[in-house]
Amino acid sequence: MSGRSTRRRIQSAVMTGIVGLLCIAAVAPLLFIFGNLVAKGASSIDWNFFVQNPVPAGQTGGGVAHAIVGTGIIVGLAGLIGLPVGVGAGIYLAEYGGGKLGWIVRFLADVLNGTPSIVIGIFAWTWLVKPVGHFSALAGGAALAVLMVPMLARTTEEMVRLVPNSLREAALALGYPRWRTSLRVMVRTALGGIVTGALVAIARAAGETAPLLFTALGNLNFSTNILQPMQSLSLQIYVYATGPFEEWHRLAWASALVLMGLVLILSVSARWATRQRHGTR
Amino acid sequence: MTSVPTEQKPIAAAPVSRPAPQVILRRRSRNVGDHVHRWVVTGLACVVPVLLVVIAGDLLVSAWPALRKFGPGFLWTSTWDPVAEVYGAAPMIFGTIVSSLLALVIAVPLSLGVAIYLTEFSPRWLRQPVSFLVELLAAVPSVVYGLWGIFVLIPFLRTFVVPGLRAVLGWTPLFSGVFYGNSMLAGGIILAIMIVPYIAAVSREVLSAVPSSQREAALGLGATRWEAVWTAVLPYGRAGVIGAVMLGLGRALGETMAVTMVIGNRHDIAASLLQPGFTMAAALANEFSEATTSMYLSALFAVGLVLFVLTIVINALARLLVWRVARGASAGSRAL
Amino acid sequence: MAPDNALVRLETKRLTALFGRSPAVHEVSVFFPTNTVTAIIGPSGCGKSTFLRCLNRMHELSQGGWVTGSVMLDGDDIYDAGVNPVVIRRQIGMVFQRPTPFPTMSIYENVAAGLRVNGRLPRRDVDAAVEQALRQAALWDEVKDRLEGSAVALSGGQQQRLCIARAVAPKPEVLLLDEPTASLDPAGTQRIEELCHELKQRYTIVIVTHNMQQAARVSDYTAFFYMGKLVEVNRTTAIFTRPKQPQTEAYITGRFG
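Chains as they are written, first to last, in our numbering: chain Y, 75 to 355; chain L, 117 to 452; chain U, 3 to 259.
Everything labelled a hint here was simulated from the structure, so no lab data went into it.
Worth double-checking, as some hints may not be accurate.
Using 16 Å as the maximum straight-line C-alpha spacing, the simulated EDC-like pairs for lysine to aspartate or glutamate come out as follows [what the hints assert, rightly or not]:
| id | chain 1 | residue 1 | chain 2 | residue 2 |
| --- | --- | --- | --- | --- |
| 1 | Y | K114 | Y | E320 |
| 2 | Y | K204 | L | D174 |
| 3 | U | K15 | U | D82 |
| 4 | Y | K204 | L | E406 |
| 5 | U | K173 | U | E196 |
| 6 | U | K15 | U | E29 |
The structure displayed is predicted, hence computed values, not measured ones.
Take the sequences, apply the hints, and build the full model.
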């Protein structure tokens, strides 16, 4: 009897160890990636990197100012288009989404969420590039907005639903009309969570490349014209990493470090804000 | 039916003059604000179904010429020749499936390890940091994974892993041939790393939703901790974990940038994982801007359509499985 | 405000409240005299809260809720076609079981919340109304130095008094209290009961309570509900010393609860 139970205990310990090892193995690549990003990219980052534009191919030096600004503009456009639609859809789902239309919207939002971003990219090309005849940052922003909308709708709905129904009743009992209850009480109370969701969606959009390949296209020069092609950090990394020059590879690592830093700041501050709020509740 | 007892009734006979009510009850205000609010948010919400219909329609319409010309054979013809205008998507479909399956083979044990460790074995103080790190895996942009894949993973494979694999398993068709670096193996590994956070997060929610009574019942019967997990918790959450795996599969199918940077981008069906290959998403990324003829473009749209339908089916199945188990918790949709 | 000549502020006539097809309240006809406190007592599930929610047209907001019969406020039926329920709720205020201050608003903004729906008032008027409401709720002295502070930082009893201040700030005619002390400690409960005595000088109060002693302490009239029907209503002293109906007597002597 004791022999069997010893064996079982050993087996349990071994399996626990294996599970722990698997966990470490799952997380290890992340540590390697961060390590490599810093090791290979940090040395290239200086003031010039941020403010200069690229130099002609093959030469050394230059920076990615055009890509940083470009990312800002394209993601800004995406937010301008995607935030109202996504948050509005989320409010609909939380307030009126109990019926059939709500179910359909929720289901299709999930479908849209799972759609490969490259498919969104070629769709955006058909509607926003082909008819106009040229690529543009606006088309890129719109493509990214399509990506953001389902994420925003789901997180907004979740956050508004978390607000206790007693608050809604209290507002209605005061004589608030339904629209005012929805906006000034329910959404306002959930606003922190909604902003968090928006930050996370923006972080994801900032890192995307595929939807921009055929919409914003990329640009070797500095441009702020939203009706013309524009470069983004993600596109820049792609071009430089797959290019033939050592110099480009070096710049790719540095750009990746900057992009990762941007995404990290957005994601971490979003999650930190949520934790703060839950702590005081 | 109750009549009011006379003690309660106030002085009845004297006529009462009422003060003017502060607000006339009968004012017909139409609650315009309510209608506007409802219509605006409903309209914004309807953008989603409209968008999806337009995307699907666009893919169908653009793909139609190629579909009509090549018929269902498009799916299993392996010639992709833009010059001769013959298009068969078989290598891409093959590559998509193989790379995704390989990714699952690697990612599922890792993700389950994370999920089980975090829900069952890890000390409380470790939970937050570890799950944060796993979430970070999902935040890394695809193109950064690709960059790392080209310059770190592939040399690593070439130097340390592949010789070992060839030595042990080189006799199998899976690991035969010359390894140039860009390969199905690299693609599968990169995909695995990328989908681990998705499978792990959903599995973790599924396993957390298993009532602790299951676990405690097993422990009460004398099971070891591992046995409790294996016999009580995992079977209970089995459907949800399968759903989580399918969600990961859905993501792997659509991954583009990292894959195209390491997989070799060659229209080829090879048995060996050491050979270059192609996926539907990678092909779209590579060739879309070079499509010179309208048939070429249409063929690419057809590839997009196949990819679109495939991911919808897999994701729908996954959601169904996950909903059934982790009902209430919006599993997997949170910020990932 | 004009002197209160009306002796009956609120009255129901054969009020029936249903959820879908099942009635929760059966044909209740009762008066609520002006400037009095009427307590509604009865065992759990007897329809007290449902009945109360009919008085300010909150019942129809529940899933499948609807009403037959009428509720007369100063002689006008609030359920008449063409009457805007939103307007009614500004005339008839309600305080709930659990304190529900709006978490993103300050104490000042919470109290002023009901005032703002009628349109923009000059700041001075709002200040005056907020102070008056907080004084009526016996909260002014405790918060007058931190009106801009967060409402959720107050204690449970203070939050509930804040909700009372919020409900009386728009100067309603009737105040409905749905088990307002259920989640409070004895000290907080006592303060609110004292408040009822003061508030009834200005408002007509209907209070639902599961606590008979509270009903005896606080109210002028008491109505006993059982299984959705009004069994007996009378002056409080009469109900508790000389109940007419056997069910009433059984309930107040604790034979069932």
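Status of each hint after checking the structure:
1. Proximity of Y:K114 to Y:E320 is assessed by CA-CA distance (about 12 Å); at most 16 Å being required, the pair is judged to hold.
2. Using a Cα cut-off of 16 Å, the hinted pair Y:K204 and L:D174 holds, with the two alpha carbons roughly 13 Å apart.
3. Taking the CA atoms of U:K15 and U:D82, the gap is near 13 Å; set against the 16 Å cutoff, the hint holds.
4. Taking the CA atoms of Y:K204 and L:E406, the gap is about 14 Å. The hint holds against a cut of 16 Å.
5. As the CA atoms of U:K173 and U:E196 are separated by approximately 19 Å, the hinted pair breaks the 16 Å bound.
6. Note on U:K15 and U:E29: the hinted pairing holds, with a Cα-Cα distance of about 7 Å set against a maximum of 16 Å.
Taken one by one, the earlier hints fail for this structure only at number 5.
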